[in-house]
Amino acid sequence: MHELWELLRQAVPLITHGNPYLMSVIWFTVQVAVVATAAATVIGLPLGLAIGLGRFRGRRGLQILANASLGLPPVLVGLFLFFVFAGQGPLGGLHLPVTRRAIFVAQTILGLPYVVALTAAAVQALPSGLPAQARALGAGRLQLAILAVREARIGVLAAIIAALGTSLSEVGAVVIVGGNVYGYDQTLASAALYEANAARYADAVAIGIVLTGLILVLMGGVGVLQQQQGGIRLRFRSAT
Amino acid sequence: MSAGSDNARSTAGAEAPVLLRAAGLEVRRGQRAVVSDVSLELRAGELVALLGPNGAGKSTLLDALGGALPLTAGAVERTGRVAVALQSPDLARRTVVANLMLALGWWGVPKPERRGRAVAALEAIGAGHLARRPAATLSGGERRRVHLARAIAVAPDVLLLDEPFAGLDAEVRATLLEDALSALRSETRATLVVVHDRAEAWALADRLLVLIDGRLVGDGPPRELLEQPPSPGVARFLGYDGSLRDGDATLLTRPPHVALDPAGPLRATVTRATAMEDGFRLELTLAEGRLYSVAPLPAPRVGDTVRLRIDGGVRFPATAAGPLDEFAMLRT
Numbered sequence: 044m045h046e047l048w049e050l051l052r053q054a055v056p057l058i059t060h061g062n063p064y065l066m067s068v069i070w071f072t073v074q075v076a077v078v079a080t081a082a083a084t085v086i087g088l089p090l091g092l093a094i095g096l097g098r099f100r101g102r103r104g105l106q107i108l109a110n111a112s113l114g115l116p117p118v119l120v121g122l123f124l125f126f127v128f129a130g131q132g133p134l135g136g137l138h139l140p141v142t143r144r145a146i147f148v149a150q151t152i153l154g155l156p157y158v159v160a161l162t163a164a165a166v167q168a169l170p171s172g173l174p175a176q177a178r179a180l181g182a183g184r185l186q187l188a189i190l191a192v193r194e195a196r197i198g199v200l201a202a203i204i205a206a207l208g209t210s211l212s213e214v215g216a217v218v219i220v221g222g223n224v225y226g227y228d229q230t231l232a233s234a235a236l237y238e239a240n241a242a243r244y245a246d247a248v249a250i251g252i253v254l255t256g257l258i259l260v261l262m263g264g265v266g267v268l269q270q271q272q273g274g275i276r277l278r279f280r281s282a283t
Numbered sequence: 022m023s024a025g026s027d028n029a030r031s032t033a034g035a036e037a038p039v040l041l042r043a044a045g046l047e048v049r050r051g052q053r054a055v056v057s058d059v060s061l062e063l064r065a066g067e068l069v070a071l072l073g074p075n076g077a078g079k080s081t082l083l084d085a086l087g088g089a090l091p092l093t094a095g096a097v098e099r100t101g102r103v104a105v106a107l108q109s110p111d112l113a114r115r116t117v118v119a120n121l122m123l124a125l126g127w128w129g130v131p132k133p134e135r136r137g138r139a140v141a142a143l144e145a146i147g148a149g150h151l152a153r154r155p156a157a158t159l160s161g162g163e164r165r166r167v168h169l170a171r172a173i174a175v176a177p178d179v180l181l182l183d184e185p186f187a188g189l190d191a192e193v194r195a196t197l198l199e200d201a202l203s204a205l206r207s208e209t210r211a212t213l214v215v216v217h218d219r220a221e222a223w224a225l226a227d228r229l230l231v232l233i234d235g236r237l238v239g240d241g242p243p244r245e246l247l248e249q250p251p252s253p254g255v256a257r258f259l260g261y262d263g264s265l266r267d268g269d270a271t272l273l274t275r276p277p278h279v280a281l282d283p284a285g286p287l288r289a290t291v292t293r294a295t296a297m298e299d300g301f302r303l304e305l306t307l308a309e310g311r312l313y314s315v316a317p318l319p320a321p322r323v324g325d326t327v328r329l330r331i332d333g334g335v336r337f338p339a340t341a342a343g344p345l346d347e348f349a350m351l352r353t
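Residue numbers (my numbering), protein chains in the order written: chain R, 44 to 283; chain Y, 22 to 353.
You can trust all of the hints, since none of them are fake.
DEER-style ranges, computed between Cβ atoms:
1) Y:Pro74 / R:Arg102: 32 to 38 Å
2) Y:Thr158 / R:Gly264: 27 to 33 Å
3) R:Arg193 / Y:Gly45: 41 to 47 Å
4) R:Gln270 / Y:Pro74: 43 to 49 Å
5) R:Val85 / Y:Pro38: 47 to 53 Å
6) Y:Asp218 / R:Leu108: 43 to 49 Å
According to the in silico footprint, chain Y covers these stretches of chain R (three or more CB under 8 Å from chain Y):
7) 169 to 178
8) 185 to 194
Source of the hints: derived by calculation from the structure; they are not laboratory data. Please read all numbers here as calculations on a predicted model, not as lab measurements. Glycine residues also receive a C-beta, built at the ideal position from the N, C-alpha and C atoms.
So here's chain R without its partners, still in its complex pose:
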C-alpha cells in the first residue's frame, strides 16, 4: 500500500507539469478514439441497421458473426492485420505496419463489431409494428433507417460508447501493428504498457491516471447525451 501511495505521489507531478511527451500521447489517443469510433460508426451503423431491419437471406448468420466478433482477442486482430499489412501480405502495398494509420485501422476494426452487433440488437428490440407500419405506408430504406436510429437512439449510443471505450483502452492490436514506438504512435494505453515494461512505474501510473480521466470525460460526455435521450422519454411518461 505504501509503494502504491509513493507511486501516486511521484506520478502526480508528471501530470501537472505538462510533460510534452505526455501531451502528444494524449492528443494522439484522442485522435485515434474519435476517428476510429467515427469510422466504426459510419461503417457499422448501416450494417447494424441492415441486420436489424433487413429481411434478406443470411441475416442471422451475419448477426451471429457480429456477436461472435465481440469476443475476438485484440491481440489476434493485431496479428491478423500485421500479416495482412506486412510487405508480403495482401495489403502490403499500403505500407501500413508501424505507422499511425495502422493504429487508426486496427482500432476501427476493433470497434466495428460493437457498433454492428449492438445497433442490430437495439433496432430489433423496437416494437416490430413501427418499422412494418412505416413500410406499409411507403417508407423507403433511408426513411426506415432514420426512423430506426431515432427510435433506438439509446441503444445506438450504447453501441458507440462501447466502440469508444475499446478505442481508448485497447492495447494488444495497437502494440502489434504500430510497434509501440516511443513518442510516435503510442496511445495512452500502449504508452502505459511501454513504461511498465521499462520498469518506470511512476510514469506508467501517471499515464494510467490520465487515461482514466480521459475515459471518464469522453465516455461521460456520450453517457450524458444518452441519459438526456432517456430523460426525454421519461418526461413524456411523467406528463400522463
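Using the hints provided, position chain Y relative to the given structure of chain R.
Just chain Y now, with coordinates in the frame of chain R:
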C-alpha cells in the same frame, strides 16, 4: 353504435369504379393454404367489413391485398395507392402530430402540406386535442385513435385496416366506432376493415365479407347476410346458435328468434342459465334440438319446463346443417 349499417350507407353502387380487384387469391404458409380462392372487388365509396373467427386468415388476406405478402395463386389489381394500417398501433417517440407528419413524409406528401393534413385527420377522428401530446403518454384508446388518423391522413385510394378497434374496452370502443364511422366514409376511397366483433361490422360497414378457414363464404349487406345467411357455416358464425330438427330440414335460430311464451307451441327444459346484465341467457333443450334465448328477470331456473315460440330463423337441409353436436363449437 346505433348509426349502424343500415342508416349511414354510402352511395357506392355498381357504377362506382373498382379500385381493388382480387381474383382466385391463394396465400400459403409452408404447405398450408391460409387463404384460398378468394375473389372480391372493392369500389370507390365502399366501406367493407371483413369478419371471421380467429385464425380464419383475415390479416393474411389483408396483407395479400396490400401487396405485403406474395401470392401463391391469383392476382390483385389495384387502382391508385393502397395504404395498410396494421393491427399494432405502434407510434414513434414524438408528438402525435409529428407522428402523422412522419407518416405523410413516408407517403411522399410535400413538407408544407403535412401539418395541415395531419391536423385535419386528427380533427376528423376526434383526436385534435391530442395533437401536441407525446405519443408515449397516450392511453390504448388514444393510440388506436391516432393510428386511425395516421391511416386517414395519407388519403389513399384504398385503405385496408387490420382490427382497428382491437384490445379496447367496450366503452372506448363504442366511442371510437362512432367517430370512425364518419371519418372512414369517403366517396372516393374504398375501405376494407378487418373486424373480429360482429357488432363492429354492423356499426361500420355497408358490405360484409365473411372469411372462414381462408375462404370467402359470405359477401353482402350485413342485414341481408344476417337474415339470410348463405350457408349453415355462415349462419353459425353470425350468431345462429340454436338448432331444431324439423323433418328433413334443420331450423337455425338466434336468441331473438326464440321467445318464452306460456301459450307457445313448443315445450323445453331449461338446461343452463347464464346471468347477464338485464336477465339470463337460457339454454333450452327440446327433443328435437337445443335453442338459446334471452329472458328478462325473473327468469326460469335450470330444470324448469317452459313453453316457447319461434319467430324467425333460417332453414337448411338437415345434411347441410350437419349434426347437432357441431353447434356446440359455435357457442363457445
